[in-house]
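Peer 1: Sequences listed follow chains A and B, in order. Just so we're on the same page, my numbering is the position in the first sequence counted from 1, plus 108. Just so we're on the same page, my numbering is the position in the second sequence counted from 1, plus 102.
These are calculated hints, taken from the structure and not from any lab test. Since this is a predicted model, take the numbers as computed values, not measurements. You can trust all of the hints, since none of them are fake.
Capping the alpha-carbon separation at 35 Å, the derived lysine-lysine pairs in DSBU-like fashion look like this:
1) A:Lys436 x B:Lys124
2) A:Lys692 x B:Lys180
3) A:Lys249 x B:Lys207
4) A:Lys692 x B:Lys124
5) A:Lys218 x A:Lys692
6) A:Lys641 x A:Lys180
7) A:Lys407 x A:Lys609
8) B:Lys119 x A:Lys693
9) A:Lys249 x B:Lys180
10) B:Lys207 x B:Lys255
11) B:Lys119 x A:Lys609
12) A:Lys667 x A:Lys560
This is what each chain is made of:
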Amino acid sequence: METIKLTIDNKEIDVHRGTTIYKAARELGIDIPTLCYMELHDMGIENNPAGCRICVAEVEGRRNLAPTCSTKCEPGMKVKTHSTRVLNARRTVMEFILSDHPKDCLVCSKSGNCELQDMSHRLGIREIPGQEFAATSTYRKDTSPSIIRDLDKCIMCRRCEMMCNEVQTVGALSAVNRGFMATVAPAFEQNLEYSTCTYCGQCVSVCPTGALTEVNHVPQVLRALNDPTKTVVVQTAPAVRVALGEEFGLAPGSIVTGKMTAALRALGFDYVFDTDFAADLTIMEEGTELLDRLTRHLKGDKTARIPILTSCCPGWVNFFEHYFPDLKDVPSTAKSPQQMFGAIAKSYFADKIGINRKDMVVVSIMPCLAKKYECQRDEFSVDGNPDVDYSISTRELANFIKQANIDIKNLHDEEFDAPLGESTGAGVIFGATGGVIEAACRTAYEVYTGKKLERIDFTELRGMEGVRSATIDFNGLPVNIGIAHGLGNARKLLDEVRSGKSQFHAIEVMACPGGCIGGGGQPLHHGNSEIIKARAAAIYAEDRKKPLRKSHENPFIIKLYDEFLGKPGSEKAHHLLHTHYFDKKKKIIVKK
Amino acid sequence: MSSIKIELRNEDVDFIKATCSKFNSDPQELINVLHSCQEHFGYLPAEVQEVVSGHLNVPVAKVYGVVTFYSFFTMTPKGKHPISICMGTACYVRGAEKVLEEFRKELKIQVGGTTSDNKFSLSSLRCVGACGLAPVVLVGDKTYGRVAPDDIKGILKEYEK
Chain A
109 METIKLTIDN KEIDVHRGTT IYKAARELGI DIPTLCYMEL HDMGIENNPA GCRICVAEVE
169 GRRNLAPTCS TKCEPGMKVK THSTRVLNAR RTVMEFILSD HPKDCLVCSK SGNCELQDMS
229 HRLGIREIPG QEFAATSTYR KDTSPSIIRD LDKCIMCRRC EMMCNEVQTV GALSAVNRGF
289 MATVAPAFEQ NLEYSTCTYC GQCVSVCPTG ALTEVNHVPQ VLRALNDPTK TVVVQTAPAV
349 RVALGEEFGL APGSIVTGKM TAALRALGFD YVFDTDFAAD LTIMEEGTEL LDRLTRHLKG
409 DKTARIPILT SCCPGWVNFF EHYFPDLKDV PSTAKSPQQM FGAIAKSYFA DKIGINRKDM
469 VVVSIMPCLA KKYECQRDEF SVDGNPDVDY SISTRELANF IKQANIDIKN LHDEEFDAPL
529 GESTGAGVIF GATGGVIEAA CRTAYEVYTG KKLERIDFTE LRGMEGVRSA TIDFNGLPVN
589 IGIAHGLGNA RKLLDEVRSG KSQFHAIEVM ACPGGCIGGG GQPLHHGNSE IIKARAAAIY
649 AEDRKKPLRK SHENPFIIKL YDEFLGKPGS EKAHHLLHTH YFDKKKKIIV KK
Chain B
103 MSSIKIELRN EDVDFIKATC SKFNSDPQEL INVLHSCQEH FGYLPAEVQE VVSGHLNVPV
163 AKVYGVVTFY SFFTMTPKGK HPISICMGTA CYVRGAEKVL EEFRKELKIQ VGGTTSDNKF
223 SLSSLRCVGA CGLAPVVLVG DKTYGRVAPD DIKGILKEYE K
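Here chain A stands alone, though its shape is the one from the complex (with noise of 0.2 Å):
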């Protein structure tokens, strides 16, 4: 590739012909602002639109000033990126975004983790000039059940709409009106509610500002702690204990699986427990689904649908059941570990505790958005009473811990209440992208061949890239398995599956870039996507650290099935544990 030479800020620098003066500037280590621009770098997502004119630079014979985040660098190009005329145009279109945004940044749900507010800061604003004489733009906030929508913080960087449409192909969210009046909205400027957004909330986690946020549900929580009439009990998803510690300064990939138990025994709920719990009894029924229909179709039944997809993700289930509704058969029936632990919780749980289901709340600690919705689904209830009351994020649960005035760091570690709360590394794993595949892959294996997994790591199953496959020899038996993490990728495994082409036994999708691990509920990345990666391998840190890695020899689960399930894929088991889809593309319906 050819190499070309140029000037920033008097440093010469050498880039291959087609990098940013943006790019090139960072090689050097300038850092120069900007507030649309962001590159997960990793996952080669990147948002360019050159909207917000804050990368602005003074290239040398160029009349106008560039933006760096789209201008190629050409050889000789002497380029400034701090000249006073630079520093106050920058400084100029500040205030022109700050001019039209709301000042309430002492009450938005983003303060203290904005980037407009960084920015601000960073730049040194310190008035508005002519704000008494500027109109703003107001627009109706959408309160959707995963996903608040607050236009008038909206600074049309753009980055949703490319999460949406590039990255997650769900194409719910587009820029829409001019001048003014420009914004970010569903179809027909309607309530997320009846677009096709599967609530992945992947939006939320690359949005600048307080535009996007979650719906807030700690003070439900909080009421459901402080009555007395109430058994509250707390489940705890995989990716929580890799990324909580970030929202209280720690690095990111630290595990605070102890603490974080610590800090909800201290917030007052009676039981803390895991979901790796239900992940691992997730994998006994989705692990029995894929051998049963695999050895049906192996025998030439053609009722057997093969691949067999995973049902875990919630934004993957909406994504399917609005746009592949015609392959609604295809994805495993196994209900998502969420929802697994909710139904044990209120039937067998609350059966030994000796409580009715409706004294009893589940709370459940998520990196996802999308599981809010879930839990709200009708099928997910009985008589009225949802079998997970309340699902918070991990930003939430950070929120509350710091209400609580608990000092996490400074927890003694402490264990998971029995029995709902111990799990296997299997369990764990289901955090990142392709753990849930390798999870299923260790205890099926074992089951289909009856013999011991010398090698527990399938390496193979792991990674960054957007779709994987790979081949398991079971024995003589080869499985081939896909993985999919990111809407996008998820599509272009299920167009192959819908024409018939696609070869593979199993698909693992995770509907966030990264898996679990990179939910819409995480803490903010803010384009780094080395967080991303240090929160993997924290997952499979925790994973190698369990002294049982196999979702079968967790002795909770062997027991909950003696005494409770029968057997997995019994009648029981598939009355609490399995599910069923809805075709939902007649639901994008205009509303008015």
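We have chain A; now place chain B onto it with these hints.
Peer 2: Only chain B this time, still in chain A's reference frame:
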């Protein structure tokens, strides 16, 4: 946002399909397809946009984004007699604002609106190039010059048949 819910007839859907096919169902041709559809239907109701979205494989939010970006596209049906008032500089200084106000009062609709009997719709535009006749009003293809607020009732009467 349109407040009219319409039921597309089969032949309407067929027309949209045929239009998309004419442009090879190429997503890049979205604007051309919308042009043809607006010419045919007179406007672009949500239902038309949804069918276009399906056939071009473009999210309906994107279609709506394009429709709302270009002022040429409209989601409200135009009346049988579309009225346009020139608000260019010359017309404006000679009282176009008052003329517009009179139309609004008489028709009881806002700019961009259509009367409930679908007879008239009201819009403003910038300079029709007849500044000597300012202020200028267009009703359909007919041009009225030197219009005063007192003339409005008379103009509307011409179309009340």
